[in-house]
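These protein sequence lines are chains A and B, in that order.
Under the numbering used here, the residues of the first sequence are numbered 53 to 491, in order.
Under the numbering used here, the residues of the second sequence are numbered 348 to 515, in order.
Rather than coming from a laboratory, the hints here were simulated on the basis of the structure.
Keep in mind that this is a model prediction, so the values were computed, not measured.
In this text, a Cβ means the ideal position worked out from N, Cα and C, and glycines have one as well.
Please note that the accuracy of each hint is not assured.
To be verified - Now the in silico label distances, taken between C-beta atoms and shown as ranges:
id: 1; chain 1: B; residue 1: Glu-454; chain 2: A; residue 2: His-183; range: 43 to 51 angstroms
id: 2; chain 1: B; residue 1: Gly-462; chain 2: A; residue 2: Gln-385; range: 41 to 49 angstroms
id: 3; chain 1: B; residue 1: Glu-468; chain 2: A; residue 2: Thr-477; range: 31 to 39 angstroms
id: 4; chain 1: B; residue 1: Gln-512; chain 2: A; residue 2: Glu-182; range: 31 to 39 angstroms
id: 5; chain 1: B; residue 1: Ala-470; chain 2: A; residue 2: Pro-311; range: 21 to 29 angstroms
id: 6; chain 1: B; residue 1: Glu-468; chain 2: A; residue 2: Ala-128; range: 47 to 55 angstroms
id: 7; chain 1: A; residue 1: Leu-416; chain 2: B; residue 2: Glu-454; range: 52 to 60 angstroms
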Amino acid sequence: MPDTSHTAAPSADSTTRASVHRAPTLAERILSHAAGREVRAGDLVIVPVDRCMSHDSITPEVIDALQNDLGNAGPADPDLLVVVMDHVAPAATVATANAQARVRRWVAEQRIQRFYDVGCGVCHQVMLEEHLVQPGQIALGTDSHATSYGAIGAFGTGVGTRDMALALASGRTWLRVPETLRVNVRGGFHPGVSPKDLSLFLCGLLGLDGADYMAVEFHGLDWLDLDGRETLASMTTELGAKVGLIPPSGVVLERFAVPDWLLVDDAGAPHYARTLDVDLTALESQVSVPPEVDHVRPARDLGDIKVDQVFIGTCTNGRLTDLHAAAAILARQHLAPGVRMLVIPASHNVLQAAVADGTLATLLAAGATIGTPGCGPCIGRHLGVIGAGEVCLSTANRNFRGRMGDPEGLIYLASPETAAASALTGVITDPATLPNREV
Amino acid sequence: MTIGGRVWKYGDNVDTDAIIAARYLNTSSEAELAAHAMQDLDPSFAGQVKPGDILVAGKNFGCGSSREHAPLALKACGVACIVAESYARIFYRNAINIGLPILECPEAARATLAGQTLEVELASGRIRNLDTGETYHAVAYPPFMLDLIAAGGLVPYTRAQLQQQAAR
Chain A
53 MPDTSHTAAP
63 SADSTTRASV
73 HRAPTLAERI
83 LSHAAGREVR
93 AGDLVIVPVD
103 RCMSHDSITP
113 EVIDALQNDL
123 GNAGPADPDL
133 LVVVMDHVAP
143 AATVATANAQ
153 ARVRRWVAEQ
163 RIQRFYDVGC
173 GVCHQVMLEE
183 HLVQPGQIAL
193 GTDSHATSYG
203 AIGAFGTGVG
213 TRDMALALAS
223 GRTWLRVPET
233 LRVNVRGGFH
243 PGVSPKDLSL
253 FLCGLLGLDG
263 ADYMAVEFHG
273 LDWLDLDGRE
283 TLASMTTELG
293 AKVGLIPPSG
303 VVLERFAVPD
313 WLLVDDAGAP
323 HYARTLDVDL
333 TALESQVSVP
343 PEVDHVRPAR
353 DLGDIKVDQV
363 FIGTCTNGRL
373 TDLHAAAAIL
383 ARQHLAPGVR
393 MLVIPASHNV
403 LQAAVADGTL
413 ATLLAAGATI
423 GTPGCGPCIG
433 RHLGVIGAGE
443 VCLSTANRNF
453 RGRMGDPEGL
463 IYLASPETAA
473 ASALTGVITD
483 PATLPNREV
Chain B
348 MTIGGRVWKY
358 GDNVDTDAII
368 AARYLNTSSE
378 AELAAHAMQD
388 LDPSFAGQVK
398 PGDILVAGKN
408 FGCGSSREHA
418 PLALKACGVA
428 CIVAESYARI
438 FYRNAINIGL
448 PILECPEAAR
458 ATLAGQTLEV
468 ELASGRIRNL
478 DTGETYHAVA
488 YPPFMLDLIA
498 AGGLVPYTRA
508 QLQQQAAR
């Protein structure tokens, strides 16, 4: 029902019924397992939820909905819920401080053990680092980038306040089984090109609604590290996707317990609504031009766009691999005059690792400013919002007008490599064009 | 349920930051959300929108964040219904969940102009443009969704369902 079906009777589609005999897509496989019956795209299911995540920005309203609308003091099962303080952390205003104090009191009263306070990191990074979501599970987050959990083959999706409150009260949710867009990736990245470039390329190709209501399923990435998988899964939200899945392989098999039923066998030819082939060896650095994520152009075609602020961080690109990529470009160099650079590690663990291996020292020596692990200025509420006429080159995921401060500010989106190269030159720069560098 | 109102018209990909910017999310006060609705896209909107008005837009309305504040802000400032070519998935779910009727009808969305008056019949999905006399058909809501809208959203609907079950 409330899940997005535009047709009156989605499960009555005869082609859908017939296709139950086909092998499932990864999304269909996970939802079939959860529903306890074979389901295919278009079917409506009510499924148990394995994990719920709510952050500081939305939890006060979730508490209101639970208490005022449903008459529940808290979640039916306190272990179901993870609460992370990341969106405005530490609090920037008296209003947010009061709202967060209320969340802390509620978490204590409800004996919610999985509470991650200021400085632990961005909710999605915490969820994956702490193994709070597992391959094959269904996880809801009060945040659109809950698609990140698809990096390990979990069905992660964003919901609003009321869906979260009902899932916490009942342990279940409604979902419409999505159609799947399959992306076959061939080859590897050129030096200086990384998963964010692939994500931005797909946004440019498919548009902001190119996978609306759909699952995106990536193949050919068995070699990719977990950080890169998280970037790809998270960014499927910018295509409108319900979930972005990478079949567990490689590093995910080493680090997570993957149930046998999840391991994908393509032999039965699942039905994909659309299949795309992408050759990474032909991919160059991409930049999303404001005010929409799908306005994407190769970095080298942009001309000299002067940058005031460079921001490296967020659930999209604030991980150790991202900081390493930036540090490799900025080592023994300094920011261009007039450029300020914010680096906000995606989690406390990322920050500690970057301290331990010298990455942070390299970035500091180059002139970067380091912020508290969390969302930073991505949503425009604290820690580096921009003014009218300012240009920010950001590794985040959205560049909508007013997203990051003054509506007259401009947000360009790019990879950490492009962000670092641009911080060095002061204009948006394709890292491949930097002289004498091994990037 | 029939809704009639004056049209506010916007384009494609109206995002949740345009509908209600994150800098106003310190509150869940409906009045305050309503005061900033659509601010960055159309500063005149919040001051001039009247209860019962209808918002008409292009493709992928409500893309971006999962914030339920977005449909809440529009509902709180009096928007009675949205007609768009298509919606982003979380916005669609959130709008229905809070009891704000939204219809998908590309033909009506494209042909309708700002300031015209539309009449929307939710049960049948019929949309009439009272200025031009044109009639369009959106996909009709299934009965349970009509009940859900009539109940005021997912939570009151679920509560009523549970009460009915308990009474049996």
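Here is what the structure says about each hint:
A C-beta distance of roughly 49 angstroms is found between B/Glu-454 and A/His-183, which places it inside the suggested range of 43 to 51 angstroms. Remark: the range hint 41 to 49 angstroms for B/Gly-462 to A/Gln-385 is contradicted by a beta-carbon distance near 56 angstroms. Distance hint for B/Glu-468 and A/Thr-477: a CB-CB separation of about 59 angstroms, inconsistent with the stated range 31 to 39 angstroms. At about 38 angstroms, the CB distance of B/Gln-512 to A/Glu-182 agrees with the hint of 31 to 39 angstroms.
Checked against the hint of 21 to 29 angstroms, the C-beta distance between B/Ala-470 and A/Pro-311 comes to roughly 45 angstroms, which is inconsistent with it. Between B/Glu-468 and A/Ala-128 the CB atoms are about 39 angstroms apart, so this pair departs from the stated range of 47 to 55 angstroms. Between A/Leu-416 and B/Glu-454 the CB atoms are about 58 angstroms apart, so this pair conforms to the stated range of 52 to 60 angstroms.
Violated hints for the displayed structure, listed by number in ascending order: 2, 3, 5, 6.
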